[in-house]
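**Q** Each chain is listed here by its residues.
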Amino acid sequence: MTGLQASATDARTRGTRRFRPDPWAAGAFVITAIVALPVLTVLAAAFFPTENIWPHLWDTVLPAYIFSTLELMAGVAASTILIGVSAAWLVTACDFPGRRIFEWALVLPLAMPAYVVAYVYTDILEFAGPVQALLRDIFGWDTAKDYWFPEIRSLGGAIVVMTMTLYPYVYLLTRSAFLEQSSGVGEAARTLGCSPWAAFRRVSLPMARPSIVVGVALVLMETLNDFGTVDFFAVQTLTTGMFNVWLVMNNTGGGAQIAVVMLIFVIFLLVAERAARRKRGYHDTSTRPRLPVRFELRGGRKFLAVLVCAVPILIGFIVPAGLLTSYAIEFYDVSLNNRFPQAALNSILLAALAAAVAVMIGLFLAYAVRLRKSTLLRNLARFASLGYAVPGAVLAIGILFPFGAFDNAVDGFMRTTFGISTGLILSGTIVAVLFAYVVRFLALAYGTLEAGLGRVTPHMDDAARTLNHGPAQALIKVNLPIIRGSMLTAGILIFVDCMKELPATLLLRPFNFDTLATYVYQFASDELLEECALGALTIVAAGIIPVILLTRVMGRNRPDQEFSIT
Amino acid sequence: MKFRLLAAIALIAAPTTMTTGASAAEVNVYSHRQEILVRPLLDAFTKETGIKVNVVFAQKGLVKRLEAEGRNSPADIVLTVDVARISEIVDAELVQPVKTPALEKAVPANYRDPNGLWYGLTLRARMIYTSKDRVGKGDITSYEQLADPKWRGKVCSRKGDHDYNIALLAAYIGHYGEAKATEWLEGVKANLARKPQGNDRAQVKAIMEGVCDIAIGNHYYMALMLKNDKQKSWAESANLVFPTLAGKGTHMNISGMVMTKYAPNKANAVKLMEFLVSKKAQGIYANVNSEYPIDPDVKTSPLLESWGKFPRDDIALDTIAKNRAAALKIVNTVGFNDGPATN
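From first to last, the protein sequence lines are chains U and L. Residue numbers for the first sequence follow the working numbering, beginning at 1 and rising by one. Residue numbers for the second sequence follow the working numbering, beginning at 1 and rising by one.
Just to be clear, a hint being listed does not mean it is correct.
Computed footprint of chain L on chain U; a stretch qualifies when at least three of its residues, placed anywhere within it, have a C-beta under 8 Å from a C-beta of chain L [what the hints assert, rightly or not]:
(1) 52 to 64
(2) 188 to 196
(3) 422 to 435
Taking lysine to aspartate or glutamate pairs in the EDC-like style, the calculated list, with each CA pair at most 16 Å apart, reads [claimed, not checked]:
(4) L:LYS195 / U:ASP231
(5) L:LYS180 / L:GLU144
(6) L:LYS322 / U:GLU51
The calculated label-pair distances, taken between Cβ atoms and stated as ranges, are [unchecked claim]:
(7) U:TRP148 / L:ASN228: 28 to 36 Å
(8) U:VAL271 / L:LYS150: 53 to 61 Å
(9) L:GLY177 / U:ALA409: 42 to 50 Å
(10) U:LEU135 / L:ALA179: 45 to 53 Å
(11) L:ASP229 / U:ILE101: 53 to 61 Å
(12) L:PRO114 / U:ASP59: 35 to 43 Å
(13) L:ASP338 / U:THR50: 24 to 32 Å
(14) L:GLY335 / U:ARG415: 33 to 41 Å
No lab work stands behind these hints, which were simulated from the structure alone. As the structure is a computational prediction, the values presented were derived from the model and not from experiment. Note that CB positions come from ideal geometry on N, CA and C, so glycine has one too.
Please model the entire structure based on the sequences and the hints provided.
**A** Written out as structure tokens, the structure is:
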């Protein structure tokens, strides 16, 4: 490929090697520099702690924090892989009752904010809740000391709740991978004597590995940056420590140091995974994928399949949504309020805009990396994606300072040169919030698109180049149509996540500006979720529609339907 | 297509950018308190003076935002909860002194800065909730007694590193020093009925459930729970005790206000500050939020009146603020959030 490239440029310059700035690489550098700014600011802050907190933390809580964090990450990663991959496989490769519904319904929990799920389950499962009350009625127990019931506010509870809200990432990306795999590969494996299970384990699953890894990486980063859910479940993680050092000890630099440690975890994980699959290719060489023949499931396996698909949806979506609806009906008059429609509009517009921008940038970066095959670019792009692993409040601070510095510099310049004050230009406007969303969710866009582009055989690009298409044209005319599904996936994932985003929005927004999430938070933070249930339901509703749209579009974009010859 | 997108962004962003913050009839507020709580007061202010109030509410990081915005910050006033936020912003040198007769008359001297850098607006007492059925009147009268072994397995509290508990521990350190405070906290930890979890209301709920007999919580939750259909039964299962600390009185915390250093609407901001300590606003605080008004001449709500008067700990709020870092270290060292040792 590089050989082809070199000869193409040589032909155009007719032997004289002029230095031509590469728009793709240059653009990628500039973009990653801007997007990485908040993470870099946090890094910089880590060098200036007001006091060295490490000795105290090591002696007291740090080992426990690290251990809990690792336990949480391991638990959530394992569970989401189990659920996400199984469900994706069942839904793409097998046939069982309800499959068509499960296919899109499995993504529904994505629309549910994690703190809502946490609240709902502590409400239902705690001592005074309906489940234990029923048990006490049936068995005649009296107080908490008479029987054992799993403690919902614990690490286990946190793992379950986070798994149920996060598995859709793994499910969606793995399903994409399975769908875009040619059945030819699977069938070739079977002619070589593999049973269906072995074909899955030895061919389909490994080929889907990049997508699974991206999904799990997203899940882990979400787990790391979460503060609300773990706080609710009385689990102490590194994030707890970070906020304590920052807010209680008033040591921003110290807090930044802990944030950096968390980032190092993530980087280490990703590097280890990449090293493990360095020289393998994951693209499919056939150009005409065919409709895979589905396995008909019978008997016990049928029920098992239904169970595997139904339980996550039940726990992650139906039960919380049902409870929210009952609260909304009960507290209808309190919930409805004149600020609510404006907040909803703000949420939707911001989320849509952020999704569009993030997908554009993610596409540009992913394609630039693919084009130039530069490890430097790839690592830069991944570094820029790290915003996802940083807790929202910290990311917001990483944005506040560069923006503030920029605004004040421009203002200072204008004052001295022209005598007028421009005031704040970017700080405290929705541009700041938009930037925060893009920085934070670029990981979603870049990861999805990197995996998606990775599934397009390089022969496509080569063919386009031999037909005298420049890289941009090759992107637009060849790659784009193929990865349309991935782009839409990324866009919708980002939209839904923006609707739920809270801490960065709270801190960066302009005056009198609420999104649905900030509006709901005022009540939820005082355990008054019932009174804003309608708002929470709207967040969910606004998320469901794109989600359903997504899975329908993904279904329609199956390769067999685009390339059918009859 | 990318250009069209950029143009769209610019168009949308344009009206909301280039705000200098100063405006004829406006005042800009950064609030650490939820907007639903401060709105009634701000709306009353607008009604009386015609000055519009713009609000941003955020719990974490507002001071950082002020710092980053620097001299062009549009914020005039910051409303805080907890003495910690006040000391954080004063230490960051982001406030300017304000002294008017109205402010000095309404706010007692020990609840405002002598140089006018900050003023308290309301008071909240951290008290002990006791089970009506299982704890007799007078069984517990001081915070020190929380560590008494007779309460083993009977105490509920939210996490030790929460701002409210940190303030209480900081006050304890102020009176007794770090060594005794550590001893006390270890005693309280041994008495815990369960791992600290949930917020103050959840502790009262635990009393109702029989999980524990006494709990630590802020006073206004009692009033708020009584108003809430779902939570009423929790409140009705508990009595309130106003404990003493070091024999002085109940630990108090304040919500307060400061004027920012570069406030663009200073005159309007002063009007807002004076309004918030006026009898009218203090009355709203008392009746709507069930807090103790800072102005001792303003009556509290009927419910709070029924609880009677109680002595207040008079330790300087500055001392509490300075001891917070040490308090967190003690919470970490004692491992308070791990809960009682398994027996």
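**Q** Against the structure shown, which of the earlier numbered hints fail to hold, in ascending order?
**A** 2, 11, 14
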